[in-house]
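These are the residues of each chain, in order.
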Amino acid sequence: MSGAEVWSMLFVFMLAGFIGFEVIRNVSRLLHTPLMSLTSAISAIAIVGSILLAGENHDTLTTTLAAIAVGASMTNIVSGFLITDRMLKMFKRREGPKA
Amino acid sequence: MSGAEVWSMLFVFMLAGFIGFEVIRNVSRLLHTPLMSLTSAISAIAIVGSILLAGENHDTLTTTLAAIAVGASMTNIVSGFLITDRMLKMFKRREGPKA
Amino acid sequence: MIAHLIQFCYLIATGLFVLALKWLSHPTTARRGVLAGVAGMTAAIAGTLLFPEIVDYRWIVVALVAGTVIGIPLSRVPLTAVPQRTALALAFGGLAVGLVGTAKYMLWRHQPGELTTFRTVAIAIEVLLGFLTLTGALMAAGKLQEVIPTRPITYRNQNLVTFLLLAIAIGSVVLLIRDPSQWQYFAVLVALALTFGVLLILPIGGADMPTVIALLNSYAGLAAVAMGFVLQNKLLITAGALDGSSGFILSLIMCKAMNRSFTNVLFGAFGQVQTAAAAGEQGIYKSATTDDAALMLENASKVVIVPGYGMAVSQAQHRVKDLYDVLTQRGIEVKFAVHPVAGRMPGHMNVLLAEANLPYDCLAEMEEVNPDMPQVDVVLVIGANDVVNPAARTDEKSPIYGMPIIDADKARACIAIKRSKNPGFAGIDNQLYFMDNTLMVFGDAKQVVQGILSALKGEEGSGH
Amino acid sequence: MIAHLIQFCYLIATGLFVLALKWLSHPTTARRGVLAGVAGMTAAIAGTLLFPEIVDYRWIVVALVAGTVIGIPLSRVPLTAVPQRTALALAFGGLAVGLVGTAKYMLWRHQPGELTTFRTVAIAIEVLLGFLTLTGALMAAGKLQEVIPTRPITYRNQNLVTFLLLAIAIGSVVLLIRDPSQWQYFAVLVALALTFGVLLILPIGGADMPTVIALLNSYAGLAAVAMGFVLQNKLLITAGALDGSSGFILSLIMCKAMNRSFTNVLFGAFGQVQTAAAAGEQGIYKSATTDDAALMLENASKVVIVPGYGMAVSQAQHRVKDLYDVLTQRGIEVKFAVHPVAGRMPGHMNVLLAEANLPYDCLAEMEEVNPDMPQVDVVLVIGANDVVNPAARTDEKSPIYGMPIIDADKARACIAIKRSKNPGFAGIDNQLYFMDNTLMVFGDAKQVVQGILSALKGEEGSGH
Ligand SMILES: NC(=O)c1ccc[n+]([C@@H]2O[C@H](COP(=O)([O-])OP(=O)(O)OC[C@H]3O[C@@H](n4cnc5c(N)ncnc54)[C@H](OP(=O)(O)O)[C@@H]3O)[C@@H](O)[C@H]2O)c1
Ligand SMILES: NC(=O)c1ccc[n+]([C@@H]2O[C@H](COP(=O)([O-])OP(=O)(O)OC[C@H]3O[C@@H](n4cnc5c(N)ncnc54)[C@H](OP(=O)(O)O)[C@@H]3O)[C@@H](O)[C@H]2O)c1
Chain G
1 MSGAEVWSML FVFMLAGFIG FEVIRNVSRL LHTPLMSLTS AISAIAIVGS
51 ILLAGENHDT LTTTLAAIAV GASMTNIVSG FLITDRMLKM FKRREGPKA
Chain U
1001 MSGAEVWSML FVFMLAGFIG FEVIRNVSRL LHTPLMSLTS AISAIAIVGS
1051 ILLAGENHDT LTTTLAAIAV GASMTNIVSG FLITDRMLKM FKRREGPKA
Chain A
2001 MIAHLIQFCY LIATGLFVLA LKWLSHPTTA RRGVLAGVAG MTAAIAGTLL
2051 FPEIVDYRWI VVALVAGTVI GIPLSRVPLT AVPQRTALAL AFGGLAVGLV
2101 GTAKYMLWRH QPGELTTFRT VAIAIEVLLG FLTLTGALMA AGKLQEVIPT
2151 RPITYRNQNL VTFLLLAIAI GSVVLLIRDP SQWQYFAVLV ALALTFGVLL
2201 ILPIGGADMP TVIALLNSYA GLAAVAMGFV LQNKLLITAG ALDGSSGFIL
2251 SLIMCKAMNR SFTNVLFGAF GQVQTAAAAG EQGIYKSATT DDAALMLENA
2301 SKVVIVPGYG MAVSQAQHRV KDLYDVLTQR GIEVKFAVHP VAGRMPGHMN
2351 VLLAEANLPY DCLAEMEEVN PDMPQVDVVL VIGANDVVNP AARTDEKSPI
2401 YGMPIIDADK ARACIAIKRS KNPGFAGIDN QLYFMDNTLM VFGDAKQVVQ
2451 GILSALKGEE GSGH
Chain R
3001 MIAHLIQFCY LIATGLFVLA LKWLSHPTTA RRGVLAGVAG MTAAIAGTLL
3051 FPEIVDYRWI VVALVAGTVI GIPLSRVPLT AVPQRTALAL AFGGLAVGLV
3101 GTAKYMLWRH QPGELTTFRT VAIAIEVLLG FLTLTGALMA AGKLQEVIPT
3151 RPITYRNQNL VTFLLLAIAI GSVVLLIRDP SQWQYFAVLV ALALTFGVLL
3201 ILPIGGADMP TVIALLNSYA GLAAVAMGFV LQNKLLITAG ALDGSSGFIL
3251 SLIMCKAMNR SFTNVLFGAF GQVQTAAAAG EQGIYKSATT DDAALMLENA
3301 SKVVIVPGYG MAVSQAQHRV KDLYDVLTQR GIEVKFAVHP VAGRMPGHMN
3351 VLLAEANLPY DCLAEMEEVN PDMPQVDVVL VIGANDVVNP AARTDEKSPI
3401 YGMPIIDADK ARACIAIKRS KNPGFAGIDN QLYFMDNTLM VFGDAKQVVQ
3451 GILSALKGEE GSGH
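First to last, the sequence lines map onto chains G, U, A and R. For the record, in the first sequence the residue sitting at position 5 is 5 according to the working numbering, with numbers rising by one throughout. For the record, in the second sequence the residue sitting at position 29 is 1029 according to the working numbering, with numbers rising by one throughout. For the record, in the third sequence the residue sitting at position 325 is 2325 according to the working numbering, with numbers rising by one throughout. For the record, in the fourth sequence the residue sitting at position 31 is 3031 according to the working numbering, with numbers rising by one throughout.
Same shape as in the complex, but just chain G (with noise of 0.2 Å):
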């Protein structure tokens, strides 16, 4: 690949650590176990290049491992998204609503 295309990544990777820093700096000591499960399933975004890997026809050895891997990774989002909804659904003020 091209040098720049590297460069730019590193641009990018640089600036997203950056903004990792930034906003969870501050955050309230009642959500970090939302945020975790939260960014648990964030970092499954590992999906993206096993659907790719998945999709592109390889031999069957490399698509079951890729499959496997979209499973894995699908596991994640849906169980990391679901559950950290059902924790947060719970936090209510005196005045809001019951959930």
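Calculated from the structure, these hints are not laboratory results. Do not take every clue at face value.
[Claimed, not checked] Lysine to any residue pairs mimicking SDA-like chemistry, simulated, CA-CA at most 25 Å apart: (1) G:LYS89 / A:THR2028; (2) U:LYS1089 / R:PRO3073; (3) R:LYS3421 / R:ILE3253; (4) G:LYS89 / A:ASN2357.
Dock chains U, A and R with the ligands against chain G, hints included.
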């Protein structure tokens, strides 16, 4: 230029934009003025473009314009950083050392 | 054209992920954050499916469906199991990354030129982090589920061993770069990664697992980044980096809450030193019935309830809510003192009590409660131990020394509910239980609280 | 190889710029922030000089030196002139971007294929923003320096005109895309950009200039971004975007401090409506000498000093510091009440008083002072007007209605120092000056305060 290149520039743009928001969001009032002069200095980053243009030998007109641009940007950079520091030097806590 | 559409989807997805994290860090906007996350992930998957390279959708669909089918029940686990759930999820994530890396390697192995140095290194990192996360997360889940001994397991010169293995790993990467087609070096790498995961967790006490999970989360993110470099996919890089840095900073925050240094968590083998010490002095407990407890509570005017991991284990939160209602109805001022690291996950108690419909603004933080502890008539400690252990203030040699705690010992009286004389997660004795003004009510938290409730309602308490 | 080195420099520079902003937003780390900024800029310039395309360094060096020579004196301006300085700097920045854009266009004009649609649009935006910033910033500087009437200047259906011009601008961009070699369209674009800058500022009152400057700052940043897209330079894009978003958010913050809506600042023509109203009722002033003021201050036990733009104009901060010292020595409790928008720049007063060696933690914010105003014996208003204008609380029709103010009128007595009967920046009368318990001491703030000082020291005051 390649489409990929354009998109990576857009990625970089968006991410950097987010960082700007996040970082400044909770700046203390005390520092609004220094912040403005600092950012004005940083906005002089355009000097990069000016230097390139002034350096590749083009017709005199281009070079002159570019040189003016370099000079103008440099003025910003120098005065911007100096004055920011000058202002910040003045802030001090009671116990702090005298400037 | 399609290419642009894909990139557009990816750009949107990236933005949405950032917003998801941003919104999730404030209670009021948190749920919107989840929505943003879901939308982002949808955009990401949709964009990916657009790739012209994808010719065969069968397997993808099958896998997506399967994932959903497994995912839904996984999201229904009891809240006490949330940490294990997250750990498991990370294990899956690690597996996925590892598999993709391996598959990619095996594909490119035969195509000379594909495996440039850059790519080889990227793949190596991807596989290392991926498989390391897999085993590490599984270990963490095991310790949290207590199927693996939660006590830190250490062996002589473990650091030496670790560094040796690391050296071997680096060596094989170098060899792999020299000749990418030599798959056995790759195999070694995979094996080492799996081992690392285990070695990383073994010496860490179960009490530190949440911190470890946050850290593994950050590894999973970095693995995704590596994959992004391999596939030249900016979405993978941004999302991964977001994850990597947020996971890292979160684990730091958690260390601070327990005032432990980061290295101390990773290599400190927390919780073993003092198992010896624990054997030391054994005080006498003053044990009491639920009726005694009920009586004390009735006659109190200021009560503080300190929930801990025990409440989670016995799912007592709903009973506790009832108790809160009964007492407040009788005009008794009841406060909940929630310690930041009570339970097994940050905010664990908040989540549970919220589940029991306790509005989150009637939970007080440690800092607010401690000052007026001396004015409190009764502190009711429900399955909490380390977080109310005065040793953290007094005993310099104690491993939890310096950790901010809830000063239950400073209240006029204290009622502690637990099942046995066993220590808490840090594995150390708790002087609080031996104090004169402390009454122990042994039993499962849920039953005991139920008993107190019945006693208060004047029926037959289960406590005698 | 060189290419990599350049990119490396740029990456470092980007990181340093982020850190610069990050650190500058906390007083303790602020100066480190400046260092990071300087380092970043150095890395950026160094990296750029490495480009192999650069064959001739003469002009560059000359320009760099010239810039430094002009820059250093510009950084020595009195602090009251800081806003103008920033405006001027932005004008220079805009000029630079505009010139580069123009030059680039003229180069590529002759090389068919170079001016792709994407590039043409990028250049158009670059030039528009650049020249708009140039004239806009010059106007702002003029209004701050009061060489241009600070009152908002409006004309009938100005919005119509603006949109018309905008339409023409877009039109010429379209034509330019169709045939990039047609330089006259480009010329039109430049002309329009310059006009926009003027039109943008004319209807905005001088009091809003700081907000405008923050906004122009963000435009300058975006112009740099556009340049980055033209030159495919990621450093330009990141630094520009950082600047663009931070400038924007800052202007929003400042609007909030004056509780004005953003659109209201941009199109509200703030400060004209009431010039009429101002003509209305004219109360009578109770004027006094510096000796009277001194006497009142001597006999007070609680004094609050409210500095405003006037103190800045007359550079009275050092005398004010002396006054503070003298009074506190006599055991009088003196507080400074600093209004967020006092002066002409956010934090303007803080900077000035800091310059006078007044430790910044003895300046109280409006919110702290207002509650116990009724217990204050004397409020000394030094060249402040709008920020102590009760109309903001009482008069719904007043343009500053709703802006949080310092309740000087609620104190037992008030001494106001100003030169004349002229209104403040908002151009409206101030009932505070007509109140029974208000004494006016007319004259230049510096001399008046000096007079009070001498009177306090028992010498001949300059006040009679
Ligand atoms: N929350 C976090 O994020 C986090 C992160 C890292 C580490 N940790 C660690 O986790 C620990 C949390 O402290 P903690 O006080 O909440 O919990 P703890 O110290 O682990 O004590 C829990 C107590 O509850 C009792 N218990 C267990 N099951 C019970 C049941 N069914 N009914 C009644 N009592 C029961 C146990 O005694 P019996 O077995 O005798 O019943 C035990 O003493 C701390 O060491 C903290 O450092 C937490
Ligand atoms: N700080 C910011 O960031 C910011 C941003 C946007 C807008 N503004 C606006 O700026 C204004 C600031 O309010 P302010 O009360 O500080 O200032 P002001 O309302 O402009 O009043 C300044 C007063 O000082 C007097 N003065 C001027 N020169 C003087 C001298 N040499 N000696 C003594 N008195 C002198 C003037 O009266 P004479 O002419 O009679 O002496 C004038 O009444 C507000 O309208 C605010 O909205 C500020």
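Please verify whether G:LYS89 and A:ASN2357 have alpha carbons no more than 25 Å apart. With Cα atoms ~10 Å apart, G:LYS89 and A:ASN2357 stay inside 25 Å; holds.
When you check the alpha-carbon spacing of G:LYS89 and A:THR2028, does it fall within 25 Å? Holds - the C-alpha atoms of A:THR2028 and G:LYS89 are around 11 Å apart, at most 25 Å.
Are R:LYS3421 and R:ILE3253 close enough, with their CA atoms no more than 25 Å apart? violated (32 Å)
Does the structure keep U:LYS1089 and R:PRO3073 at a Cα separation of 25 Å or less? holds (18 Å)
Checked against the numbered hints above, the structure violates only hint 3.
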